[in-house]
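Engineer: Read off the chains here:
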Amino acid sequence: MNIIEVTNLSHRFLDGAIGIDNISLSIREGEFIVIAGRNGSGKTTFLRHLNGLLLPDTGSVRLAGVPVSRDIPRARQMVGMVFQDADSQIVGETVFDDVAFGPENLCLDECEVKRRVIKSLETVNLRDIADQRPHLLSGGEKRRLAVAGILAMEPRVLIFDEPFSDLDYPGVRQILHQTLSLHKAGHTILIATHDLEKVIAHADRLLIMSDGKVVMDGAPEMTIKDVEAFGVREPCASRLGMEIESWLS
Amino acid sequence: MAELTAFHFRPGTSLLHTLDVRFKILSFILISISSLKAYPLSLSILTLVIFYAILISYLRFKSILKELRYFFVLLVFIFAARAIFASALPATNFQQSAVTWQGIYDGALVCWRLLLVVLLGLIFVSTTRPSDIRTAVEWFLMPFPFIRGKRVATMMSLIMRFVPLILDQARETVDAQRSRGVENRKNPVYRLIKLIIPLMIRTFEKADKLAVAMEARCYSEKQTNKALSSNRSDWTTLFGVICLSILLVNN
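Residue numbers (my numbering), protein chains in the order written: chain A, 1 to 249; chain B, 250 to 500.
Heads up, a few of these hints could be off.
Under 7 angstroms between C-beta atoms, here's a sample of chain A residues computed to sit facing chain B [what the hints assert, rightly or not]:
| hint | residue |
| --- | --- |
| 1 | R70 |
| 2 | F83 |
| 3 | D85 |
| 4 | Q89 |
| 5 | F101 |
| 6 | L108 |
| 7 | C111 |
| 8 | D131 |
| 9 | H135 |
| 10 | G139 |
List of simulated lysine-lysine pairs, DSSO-like, C-alpha gap at most 30 angstroms [what the hints assert, rightly or not]:
| hint | chain 1 | residue 1 | chain 2 | residue 2 |
| --- | --- | --- | --- | --- |
| 11 | A | K119 | B | K471 |
| 12 | A | K225 | A | K184 |
| 13 | B | K286 | B | K399 |
| 14 | A | K114 | B | K399 |
| 15 | B | K475 | A | K119 |
| 16 | A | K114 | B | K455 |
| 17 | B | K399 | A | K119 |
A few chain A positions that, by computed beta-carbon distances, are all more than 12 angstroms from chain B [to be verified]:
| hint | residue |
| --- | --- |
| 18 | N2 |
| 19 | N8 |
| 20 | N22 |
| 21 | G52 |
| 22 | S88 |
| 23 | E93 |
| 24 | P103 |
| 25 | E104 |
| 26 | E110 |
| 27 | R133 |
| 28 | H177 |
| 29 | K213 |
| 30 | G231 |
| 31 | S249 |
Rather than coming from a laboratory, the hints here were simulated on the basis of the structure. We put the beta carbon where it would ideally sit given N, CA and C, even for glycine.
Chain B with its partners taken away, still in its complex shape (with noise of 0.2 angstroms):
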């Protein structure tokens, strides 16, 4: 289950761990916009910089690897389709189908701004506690009256809880079928069909059940407000980070 939810906080006291929520997720999206327009040269001061911001948030490299080794896949399959669907001048055919420098340099180059976004939304997560991210959305839909940010905060907590909880749910139904020999039926829909019904009934009994506990902890939208304050290094971080920026974009 755990690789299912790699993305998790992880207690430290890092400078990462410290700044203020808001600033990070201000930080997250300016970076992950302007490396998509970046090339290799500032692409590699950006990849130095979260090098620089993993070792100073204590995680370790061997972790982030193993985690991200689906990710890996998923990069291996979009570079392939780049490489040979860019027109240029191709460098070998491969069933027809040419395979072309450039498109081999446009895949690396999305492979490389995809690897470093996820790696900037692991470091994010795992040096923020998920009861702050929730504070900070609240925040963030606070200049919107008809979004009642208190419930959309709630709802993201409930799903980054439950998802973990429905996949373990998904996996007893697929095993239960199959030590009843659903495989010997060929018909996908049917599978597919036989697997959902109870995944749903059983999700939406959860449901209920949830419901039930929060009423019994007085569960409403009137909660204590969590206070969010920053500080002068929050200000200097936001600061690097659009000097950073400007340089992604402008390269």
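Excised from the complex, chain A in its bound form (with noise of 0.2 angstroms):
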């Protein structure tokens, strides 16, 4: 079953420049998709179409069905976001403050936002510090917290802009392992990087994006060769011939 159906969707900013060109793909549910490209070629414009922070000039975008501005609160619910920066997405002034927010937007009652937060921080291993200000958390710990306040909405799609940027090797280790995690679950996950290394290696499906247009779409094996062209490096186990070894191997 698709999940999201893109067709045709272009945007462009005020000044005129073209943020994303003409795209059309579906997204099965459960699907595990990769988008990389350089700096500037449209992925987090694409990525911001999917839960409505932004609407399309012409195209369209259907959640479940749906068309994602017929009802903008559903999209945001169903289609969660992790952003690049974790400072700039917590907004709490303690962990639990901050992943209450999401559910305390939906209007829920007192005890399903207490039970969400509990769960949603029991996922990613931070219930033991509820109470700490998110200022003082670590990088990794501050990128999980961003995922648990997304995850108490109970979405079915996960975003993650630029996932493993800032991070060091334990971070990112813990981060892919989270939503390695959450994938097993069910969750359709969509990671946008412009550094394949870290997380191809999970992937079902690429998509490597140019200038606004979608110019590959398939699965890493068939792709990876000749990524590239198109500004991203290839992942070096895949340039010597072997075989991409996950990071948490």
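Both chains are given apart, each in its own frame, so use the hints to dock them into the complex.
Structural biologist: Structural data, given as structure tokens:
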């Protein structure tokens, strides 16, 4: 079943620059997709259309058959987005308060908010520091807190925008492990990155974007050899003709 | 960074942690105002009450002293100013400025009062969840239809969340400029402009990102309303605080 259907999607910025240009694709429920491309290729702009943060100039985005523009709160609840800069995403004065922000905006009753917060914090292993102030967390913990804040809204699709930027090796492994667990639990995962090395071993599908267009779309093993033409570095193992290993191995 | 945000919630199960936040705010306001009229005897009683409150809320005196160390410097300045500029019998002459006994007494009294109010604030913030303070602010603003309580409360909580980040950013900008020799420029206005403009630009960029992230999490002013409930211990505490305030004012 397709959870996301994008048809002839285009978006221009106010200054007339093209953000994305005539993108059409479908995403099946439970897929793990990596979207790569050089800076400014349109990855973030595309992803922001999937939960109604941006609305298309032409074309449409449908979530489980319903156009995003028809019910934006539903789209934002259904498609959770974890941003590149975790610090700018965290709004609560404590870890608990931050995770509660989304469910409270959904006007859930207090017991349900608390249940979701505890469940989300347990999922990302942050329950023990629920009363901690967010700015005292490490980079990896902040990223996990941002994920918990999204999980508390119980989305079906999770979008990660450059999830590994500014993280050390253990931080990358933590986030990768978390992402794979969420995928295993049935979430559809979309990861935007320009660094394939860390995640491509787990992807079902690789999309390459360039100048606002999807220029390659297919299984990673079929497309990985041609990515350097679009400003994305081919993983080392692939260059050496070896099998790409997971960073969790 | 932690020293810049000395006042923060510490989880616990003490009586002060469990009191209704509205009663705590009212008590804080009542004692703070009445302590401005208090003199040594009643201030001594208030000091004992505050020490007892610190004990039962499991705050450590050592960490309080550490967190208030900059405030003590401020108190020294206030004491010195009051001692020098109050007019009465001179205790000693320091370069034509007369330090008077009355000034020393006034300075000590003002510093004592300020210290107690700050300690009260520290106890309040340390034993109250920020989200509860936000809910209480909304509750207190309900009678004012022209003020959007939820918006004010959200702004308050965002300020508390982002002040440390802005200070971090300022420190990083200062360090980056020092590493490029800004200290060789003697003009303070030039240096201030070079600090403030990039800091403001980055702060606005962060604010933009924050707004988008809040939108992505369905932010609106229609949110879950948290229930506030009072019980007998809240009313008993308030009664005690009113009695204490009367004692402070009439002493």
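Engineer: Each hint: holds or not?
Structural biologist: How the hints compare with the structure:
With a least beta-carbon distance of about 16 angstroms to chain B, the hint placing A/R70 at the interface is violated under the 7 angstroms criterion. Interface hint at A/F83: satisfied, since its Cβ lies 6 angstroms from the closest Cβ of chain B, which is below the 7 angstroms cut-off. Proximity of A/D85 to chain B holds as hinted, the smallest CB-CB distance being about 6 angstroms (cut-off 7 angstroms). With its C-beta approaching chain B no nearer than about 4 angstroms, A/Q89 sits inside the 7 angstroms limit, and its interface hint holds.
The interface hint given for A/F101 holds, since its Cβ lies 6 angstroms from the closest Cβ of chain B, which is under the 7 angstroms cut-off. Taken as an interface hint, A/L108 checks out: its beta carbon lies about 6 angstroms from the nearest beta carbon of chain B, inside 7 angstroms. Interface restraint check: A/C111 against chain B, minimum CB-CB distance 10 angstroms, threshold 7 angstroms, status violated. The beta carbon of A/D131 comes within 4 angstroms of a beta carbon in chain B, closer than 7 angstroms, and the hint placing it at the interface holds.
Interface restraint check: A/H135 against chain B, minimum CB-CB distance 5 angstroms, threshold 7 angstroms, status holds. Of the supplied interface hints, the one on A/G139 is violated, with its beta-carbon coming no nearer than about 13 angstroms to a beta-carbon of chain B, more than 7 angstroms. With a C-alpha separation of about 24 angstroms, the suggested pair A/K119 and B/K471 falls inside the 30 angstroms cut-off, and the hint holds. For the given pair, A/K225 sits about 28 angstroms from A/K184 by alpha-carbon distance, which is consistent with the 30 angstroms threshold.
At most 30 angstroms may separate the alpha-carbon atoms for a hinted pair to count; B/K286 and B/K399 exceed this at roughly 35 angstroms. Taking the CA atoms of A/K114 and B/K399, the gap is near 20 angstroms; set against the 30 angstroms cutoff, the hint holds. Between B/K475 and A/K119 the CA atoms are separated by roughly 20 angstroms; this keeps the pair inside 30 angstroms, and the hint holds. Proximity of A/K114 to B/K455 is assessed by CA-CA distance (about 29 angstroms); at most 30 angstroms being required, the pair is judged to hold.
For the given pair, B/K399 sits about 26 angstroms from A/K119 by alpha-carbon distance, which is consistent with the 30 angstroms threshold. Chain B leaves A/N2 outside its interface by the beta-carbon criterion, the shortest separation being 22 angstroms against a cut-off of 12 angstroms. No Cβ of chain B comes within 12 angstroms of the Cβ of A/N8; the nearest lies about 24 angstroms off, and the non-interface call holds. Even its closest Cβ contact with chain B, about 25 angstroms, leaves A/N22 beyond 12 angstroms, as expected for a residue assigned away from the interface.
Non-interface status of A/G52 relative to chain B is broken: a Cβ of that chain comes within 12 angstroms, the nearest being about 9 angstroms off. A Cβ of chain B approaches the Cβ of A/S88 within 12 angstroms, the least distance being about 4 angstroms, so the stated non-interface status is violated. In this structure A/E93 is not separated from chain B by more than 12 angstroms, as the shortest Cβ-Cβ distance comes to only about 4 angstroms. The claim that A/P103 is not at the interface with chain B is violated, since a C-beta of that chain comes within 12 angstroms of its own (minimum 7 angstroms).
With 12 angstroms as the threshold on Cβ separation, the claim that A/E104 sits away from chain B is violated: the shortest Cβ distance comes to roughly 4 angstroms. Not every CB of chain B is more than 12 angstroms from the CB of A/E110 (nearest about 6 angstroms), against its label as outside the interface. The Cβ of A/R133 sits about 6 angstroms from the closest Cβ of chain B, inside the 12 angstroms cut-off, so the non-interface label is violated. For A/H177, the condition that its CB be more than 12 angstroms from all CB atoms of chain B holds, with the nearest at approximately 24 angstroms.
Every CB of chain B lies more than 12 angstroms from the CB of A/K213, the least distance being 24 angstroms, so the non-interface label holds. Its beta-carbon lying about 24 angstroms from the closest one in chain B, A/G231 satisfies the requirement of being farther than 12 angstroms from that chain. No beta-carbon of chain B comes within 12 angstroms of the beta-carbon of A/S249; the shortest separation is about 33 angstroms.
The structure shown violates the earlier hints numbered 1, 7, 10, 13, 21, 22, 23, 24, 25, 26 and 27.
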